[in-house]
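Asks: The listed protein sequences correspond, in order, to chains A and B.
Take the first sequence: its position 78, counted from the start at 1, is 78 in the working numbering, and no numbers get skipped.
Take the second sequence: its position 128, counted from the start at 1, is 128 in the working numbering, and no numbers get skipped.
Keep in mind the hints are simulated off the structure, nothing from the lab.
It cannot be assumed that every hint is accurate.
As the list claims (entries may be wrong) - List time: in silico PhoX-like cross-link candidates among lysine-lysine, alpha-carbon distance up to 25 Å:
id, chain 1, residue 1, chain 2, residue 2
1, B, K63, A, K86
2, B, K117, A, K86
3, A, K59, B, K180
As the list claims (entries may be wrong) - Which residues of chain A face chain B? A few of them, derived with a C-beta cut under 7 Å, are:
id, residue
4, G66
5, A80
6, L81
What you are looking at is a predicted structure, and each value in this text was computed from that prediction instead of being measured.
Just so you know, even glycine gets a beta-carbon here, dropped at the ideal spot from N, CA and C.
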Amino acid sequence: MTTVYAIAMIAVAAVCTFATRVAPFLLFNGSKPIPPIIRYLGSTLPPAVIALLVVYCLKNVGWVTGTHGIPELLCIAITALLHIWKHNNLLSIGVGTVLYMVLIQNVFV
Amino acid sequence: MKKAFRPAFTATIPVLCGYLFIGFAFGVMLRDIGFGSIWSFFCSLSIYAGSGQYLLVSLLAAKASLVTVAVMTLLLNCRHIFYGLSFLETFHEMGRRKWYMIFSLTDETYSLLCSVKTPEGIDAGDMRFWIAMLDHSYWILGGVLGTIIGGILPFDTTGIDFAMTSLFTVIFVEQWQSTKCHIPALMGLAAAAVSLAILGPDNFILPAMLAICVMLVAMRGRLAKEVA
Chain A
1 MTTVYAIAMI
11 AVAAVCTFAT
21 RVAPFLLFNG
31 SKPIPPIIRY
41 LGSTLPPAVI
51 ALLVVYCLKN
61 VGWVTGTHGI
71 PELLCIAITA
81 LLHIWKHNNL
91 LSIGVGTVLY
101 MVLIQNVFV
Chain B
1 MKKAFRPAFT
11 ATIPVLCGYL
21 FIGFAFGVML
31 RDIGFGSIWS
41 FFCSLSIYAG
51 SGQYLLVSLL
61 AAKASLVTVA
71 VMTLLLNCRH
81 IFYGLSFLET
91 FHEMGRRKWY
101 MIFSLTDETY
111 SLLCSVKTPE
121 GIDAGDMRFW
131 IAMLDHSYWI
141 LGGVLGTIIG
151 GILPFDTTGI
161 DFAMTSLFTV
171 IFVEQWQSTK
181 CHIPALMGLA
191 AAAVSLAILG
201 PDNFILPAML
211 AICVMLVAMR
221 GRLAKEVA
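Take the sequences, apply the hints, and build the full model.
Replies: This is the structure:
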């Protein structure tokens, strides 16, 4: 991959990220009501996309070979349960990640 | 402006810890695919999105097309559209600084701005501006540290990219608990799993996203009542 292409990818990511943040300020200035379809997609699309991204993170897991996705599913479950219990982002992410690192380096090698 | 620094710093300490860790993991991941600290610095400076930058690392590694980068970034961040709605008036009062506030409205800054109380005698706009700038600087610092010292740490960093999975899991739980209707979340899981099984790891994401959008629009009559 060329340097120019990598810079282009970063620029696209930056512009698209800013676009989603600035959109409400450009589209809705308080005088116009928000269209119902936008409201609907705004509340239904995010959970669906995040669910998709959790699957995306697991795309290279070998379910029938190697560790059968056991460390991944275990650490996801622990991250989720910890989050339901304590509601602390750093704690949930930190424990989930460190546990995963320990598991794949020592237990599931 | 100066007076607001101290209370703003105190308010951002939890984000300092979180961003150093998540930013550090980003830096290590970026380093692992061959990019150094200058790349990390400019990514964190210009994109400034935790989940978005993790995603970018995997897209860079896969040499994805610019269209894929654009579509995935837009869909990933579509939840941000609704953050802005809470601050339409607040930011408007901040003059030119409004544009930086909009740019820097991450999940964490959003939740801080929602909950923080400005002490007496301190300008609320100054306080918000400091919070936004401090969070941004922690994020950049974490990422740069990850690329610089990620390779010389006395322990093995294999598996640190699981921070991305954990982050998405946390957002998933938050969204699951904030709504009574779980059909969209389950639909997302199902669409992704089926698409992955049929198309394989390299081509499944855009068809799955398309399927999700089509199904949501098709089921609007039923779902709109439940999510309202």
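Asks: Each hint needs a verdict: does it hold in this structure or not?
Replies: For each hint, the structure was consulted:
{"no.": "1", "hint": "K63(B) / K86(A)", "verdict": "38 Å, violated"}
{"no.": "2", "hint": "K117(B) / K86(A)", "verdict": "23 Å, holds"}
{"no.": "3", "hint": "K59(A) / K180(B)", "verdict": "28 Å, violated"}
{"no.": "4", "hint": "G66", "verdict": "14 Å, violated"}
{"no.": "5", "hint": "A80", "verdict": "5 Å, holds"}
{"no.": "6", "hint": "L81", "verdict": "9 Å, violated"}
Hint compliance for this structure: hints 1, 3, 4 and 6 are broken, all remaining hints hold.
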